[in-house]
Amino acid sequence: MGLALVAAILFIAIFAPFLAPYDPNKLDVINRLAGPSAEHWLGTDQLGRDLLSRHIYGTQVAMTVALSVIALALLIGMALGILSAYVPGPVERLILIAFDSFSSFPSVILAMAAVAVLGSSMPMLIIVIATSLVPHFGRVARAQVLSVMNEPFVEAERVFGASQLRILVFHIVPNILAPLIVIASLDIPIVIAIEASLSFLGLGLRPPLASWGGLLQDGYQNMSKALLPVLISSAALAIATLAFTMFGEALRNAIDPRSARRPD
Numbered sequence: 001m002g003l004a005l006v007a008a009i010l011f012i013a014i015f016a017p018f019l020a021p022y023d024p025n026k027l028d029v030i031n032r033l034a035g036p037s038a039e040h041w042l043g044t045d046q047l048g049r050d051l052l053s054r055h056i057y058g059t060q061v062a063m064t065v066a067l068s069v070i071a072l073a074l075l076i077g078m079a080l081g082i083l084s085a086y087v088p089g090p091v092e093r094l095i096l097i098a099f100d101s102f103s104s105f106p107s108v109i110l111a112m113a114a115v116a117v118l119g120s121s122m123p124m125l126i127i128v129i130a131t132s133l134v135p136h137f138g139r140v141a142r143a144q145v146l147s148v149m150n151e152p153f154v155e156a157e158r159v160f161g162a163s164q165l166r167i168l169v170f171h172i173v174p175n176i177l178a179p180l181i182v183i184a185s186l187d188i189p190i191v192i193a194i195e196a197s198l199s200f201l202g203l204g205l206r207p208p209l210a211s212w213g214g215l216l217q218d219g220y221q222n223m224s225k226a227l228l229p230v231l232i233s234s235a236a237l238a239i240a241t242l243a244f245t246m247f248g249e250a251l252r253n254a255i256d257p258r259s260a261r262r263p264d
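Residue numbers (the UniProt record's numbering): 1 to 264.
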């Protein structure tokens, strides 16, 4: 079920321009906060914009941010984790100190502080959230590298004169990717929640860009007049979070069946 929901969410995100019945920023001041109708299936917001269209585009925004953040955090974290395992000494200590420093703050608090100072454009938001997740990927990558480096097949490669680069490319990286991909899939709901929280608080993506957090904020401000916008935005966030959590758990169990039998 998780896979089916994720596939549906990604389909909506990719084909948003074809699925949305209206321009998400088209105003209709005569029909502000209107309920569901044949013209507007989910009603309209406080500016008369079609809620279905805005939530469809909000799906695209959420997936763009989430997948970009995860890809960036995974690549940087993996690179730093490998470097800290391969280069002991001052470089290793410096990287671990950086991991400890960033890990000492909750991701959402770190992101809030950084966005307040640096701005909240989409590229900046992606960089800020990704930076807060790098230590998570880096520590796992480092632990996996140290484990794989002591495996008999790696020792055999060294005996036969394989270079460090060959061992890294053909043995280390392929063997550490699986746990990192599982972590990435489980972190996507976290990124969605962080982005939505920042946008809800006015620190994330700015209007008129459709963001689930921004849509939730708009609905909350007009909740006394119309409750449906809040319910739709909350449902979108809940479904996406549940879908990627289920998908991540299924992927983890598929890669490591023993994890399904271990208590959390």
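Treat the hints loosely; a few may be bogus.
[Stated by the list, open to error] Here are the in silico distance ranges between beta carbons for each label pair:
| id | residue 1 | residue 2 | range |
| --- | --- | --- | --- |
| 1 | Gly-202 | Arg-158 | 50 to 60 Å |
| 2 | Leu-3 | Gln-221 | 33 to 43 Å |
| 3 | Arg-158 | Leu-19 | 52 to 62 Å |
| 4 | Pro-21 | Leu-94 | 16 to 26 Å |
Read the hints as simulated data drawn from the structure, not as lab findings. Model, not experiment: these values are computed from the prediction. Backbone N, C-alpha and C fix where the C-beta goes; we use that ideal spot for every residue, glycine too.
Original post:
Does the Cβ pair Pro-21, Leu-94 satisfy 16 to 26 Å?
Top reply: violated, 53 Å
Original post:
That 33 to 43 Å hint for Leu-3 and Gln-221 (C-beta), does it hold up?
Top reply: holds, 36 Å
Original post:
So does Arg-158 sit 52 to 62 Å from Leu-19, Cβ to Cβ?
Top reply: holds, 54 Å
**OP:** Go ahead and decide if the range 50 to 60 Å is satisfied by the Cβ distance of Gly-202 to Arg-158.
**Re:** Cβ of Gly-202 to Cβ of Arg-158: about 55 Å, so the range 50 to 60 Å holds.
Hint 4 from the earlier list is the only one contradicted by this structure; the remaining hints agree with it.
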